[in-house]
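With the hints as your guide, set chain L onto chain F.
Residue numbers (our numbering), protein chains in the order written: chain F, 1 to 345; chain L, 1 to 216.
Note that these hints are calculated values from the structure, not bench results. Do not take every clue at face value.
[Claimed, not checked] Chain L residues, not near chain F, derived (Cβ > 12 Å throughout):
| id | residue |
| --- | --- |
| 1 | Ala52 |
| 2 | Ala109 |
| 3 | His172 |
| 4 | Val177 |
| 5 | Val191 |
[Claimed, not checked] Footprint (simulated), chain L over chain F, 3 or more residues, beta carbon under 8 Å:
| id | segment |
| --- | --- |
| 6 | 136 to 144 |
| 7 | 160 to 168 |
Virtual Cβ for every residue (Gly too), placed ideally from N, Cα, C.
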Amino acid sequence: MTRRDPRLLLQSAPFLRRGITTPRLMVDVLIALVPVVLAAVYFFGLSAILVIVAATAGAALTEWVFGPDRRRGGSLTDGSTILTGVLLGLCLPPGIALWMAFLGGAVGVGLGKLVFGGLGQNIFNPALVGRAFLQAAFPTAITTWTQQGAITELLTIRPSNFALPFMQAPAPAADAVDAISAATPLGLMKFQNIPTGVEQLLLGNTAGSLGETCAIVIIICGVILAIRRTFDWRIPVSILGTVAVFSTIVWLFDRTEYPSPWLMLCSGGLLFGAVYMATDPVTSPITPRGAWIFGLGIGLLVVLIRIWGGLPEGVMYAILLMNAATPLIERIAQPRAFGRGRAVA
Amino acid sequence: MNTPPDPGRLYREFAKGIWKENPVFVQVLGMCPMLAVTNSAINAVAMGAATAFVLIGSSFLVSLLRSFIPKQVRISTYIIIIATFVTVADFTLKAAVPSVHKELGAFIALIVVNCLILGRQEAFASRNSVRLAVADAIGMAAGFAFALLCLGATREILGSGSLFGHLLFGEHFEPWVIMVLPPGGFIMLGVILLFFGFLRERKIRRRTRVSEEAAS
Numbered sequence: 001m002t003r004r005d006p007r008l009l010l011q012s013a014p015f016l017r018r019g020i021t022t023p024r025l026m027v028d029v030l031i032a033l034v035p036v037v038l039a040a041v042y043f044f045g046l047s048a049i050l051v052i053v054a055a056t057a058g059a060a061l062t063e064w065v066f067g068p069d070r071r072r073g074g075s076l077t078d079g080s081t082i083l084t085g086v087l088l089g090l091c092l093p094p095g096i097a098l099w100m101a102f103l104g105g106a107v108g109v110g111l112g113k114l115v116f117g118g119l120g121q122n123i124f125n126p127a128l129v130g131r132a133f134l135q136a137a138f139p140t141a142i143t144t145w146t147q148q149g150a151i152t153e154l155l156t157i158r159p160s161n162f163a164l165p166f167m168q169a170p171a172p173a174a175d176a177v178d179a180i181s182a183a184t185p186l187g188l189m190k191f192q193n194i195p196t197g198v199e200q201l202l203l204g205n206t207a208g209s210l211g212e213t214c215a216i217v218i219i220i221c222g223v224i225l226a227i228r229r230t231f232d233w234r235i236p237v238s239i240l241g242t243v244a245v246f247s248t249i250v251w252l253f254d255r256t257e258y259p260s261p262w263l264m265l266c267s268g269g270l271l272f273g274a275v276y277m278a279t280d281p282v283t284s285p286i287t288p289r290g291a292w293i294f295g296l297g298i299g300l301l302v303v304l305i306r307i308w309g310g311l312p313e314g315v316m317y318a319i320l321l322m323n324a325a326t327p328l329i330e331r332i333a334q335p336r337a338f339g340r341g342r343a344v345a
Numbered sequence: 001m002n003t004p005p006d007p008g009r010l011y012r013e014f015a016k017g018i019w020k021e022n023p024v025f026v027q028v029l030g031m032c033p034m035l036a037v038t039n040s041a042i043n044a045v046a047m048g049a050a051t052a053f054v055l056i057g058s059s060f061l062v063s064l065l066r067s068f069i070p071k072q073v074r075i076s077t078y079i080i081i082i083a084t085f086v087t088v089a090d091f092t093l094k095a096a097v098p099s100v101h102k103e104l105g106a107f108i109a110l111i112v113v114n115c116l117i118l119g120r121q122e123a124f125a126s127r128n129s130v131r132l133a134v135a136d137a138i139g140m141a142a143g144f145a146f147a148l149l150c151l152g153a154t155r156e157i158l159g160s161g162s163l164f165g166h167l168l169f170g171e172h173f174e175p176w177v178i179m180v181l182p183p184g185g186f187i188m189l190g191v192i193l194l195f196f197g198f199l200r201e202r203k204i205r206r207r208t209r210v211s212e213e214a215a216s
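Pulled out of the complex, with its shape left as it was, chain F reads as follows (with noise of 0.2 Å):
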């Protein structure tokens, strides 16, 4: 009676697997955002390099330090620490101290993933837990763009990435290439009434943070995520069609004082963000009614905050926010497993 019949082979549900695991997908991001890091690369130089190590060597160092794996950096293993550095490095201005990037890095891993209990708990963003924190604490430092360049400067490095910790950077020669400063295309538009080109900004030859500049980059890494099912493409959809909606009712009712829905679609972060940073499978929703709800809110929020708001950006906010609401979303888009009509609670 012990022998078990070998026709019959007992198995409980799922029977249907997609293959995918957290190391396949975090690496699928990762080559996903080669590109763009390639594009920072030709716009602002080696420094682009060493701001994005610095920040992925504080995210790693934290979770290596403080992970929750018994065996010592198991959890690194899983690839999510180093994308939220990669991603923390390429939402950093080029000319920022590299101490700051790594304490972004450490605060993001260390206050906005392993308080909450590691991958997977956590409420929000950790790349943009690190950068709202950087932003708080030097609010000068992260808004100091300096000019990007072309690929004859691509061997240039920004002195003032080698502030000693702790130290301000100190004051640049005047021949050095961080001593031009540019604003974002977003600031100019916002401070003083000037538009930046369509074709620029979807070039990248715009001053910003490192990886938001090209657009056309990262619409067409997002295509092929969205195609490959890294990510829900709804959420980006819906982030997109409700900023170009939006923008365009506020700009028909005065051209020269508002952005187009052109400038808002391609500049800033608002596809860095809206490809990479929203779709975190962790900390958006996951059900499609709660994608859509999730993105209309990022949208109306980053119009709000862009155009009413005090700071020319607010891409970074919107999403955080928008994280914060993530599990009510959940609860109001909670589909029914049988029948018609509204579910009952």
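Frame of chain F, contents of chain L only:
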């Protein structure tokens, strides 16, 4: 009734407030002044001293009057006693160090509602002898001041690069603006609580390991 408590008991009541039952790190009481006035070490010291004066004074008086205070109106009586000492502290600070008084502002008056003080009256002073109550109050006040100083010093070092107004890092320090703002208080308090929680957990782990080894 009138036998003095033995010195060992006296010392225990004093010492528990500093570490084992620290009002901030263990009991998590008195969070309002903890977060509001700790953006510099000097403010933390002033607030610690004012709270210590009020706590020790009112513990002494409440313990002295404990057999006269009717049970039904005890809370309001404690509050009146506390408020008296707070007013004394308020006026003294105003006269002696007007600059610090200006920095602390309304938070001096708000010592009245610090639940650490009322809690000690209700839980300890109203049912113990004067000596024990004062020993307990001194311990709790020292623990509270220690916690305030921890938070105030870290926030001042990171937020303005100085300690008690002396520059630590020279002219080119990059201040962490967030640390002198309210969110910095919350973050730093969280980090400090995390650290003390970690110490406590490690101690428990060690003790269980020792007892397991002893058992096996």
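Results for each hint:
1. Ala52: Holds, since 32 Å exceeds 12 Å.
2. Ala109: holds (30 Å)
3. His172: violated (5 Å)
4. Val177: violated (6 Å)
5. Val191: Non-interface label on Val191 (chain L) violated, nearest chain F Cβ at 8 Å vs cutoff 12 Å.
6. 136 to 144: holds (count 5)
7. 160 to 168: It holds: at least three residues are needed, and the segment 160 to 168 of chain F offers 4 whose Cβ sits within less than 8 Å of chain L.
When each numbered hint is compared with the structure, violations occur for hints 3, 4, 5.
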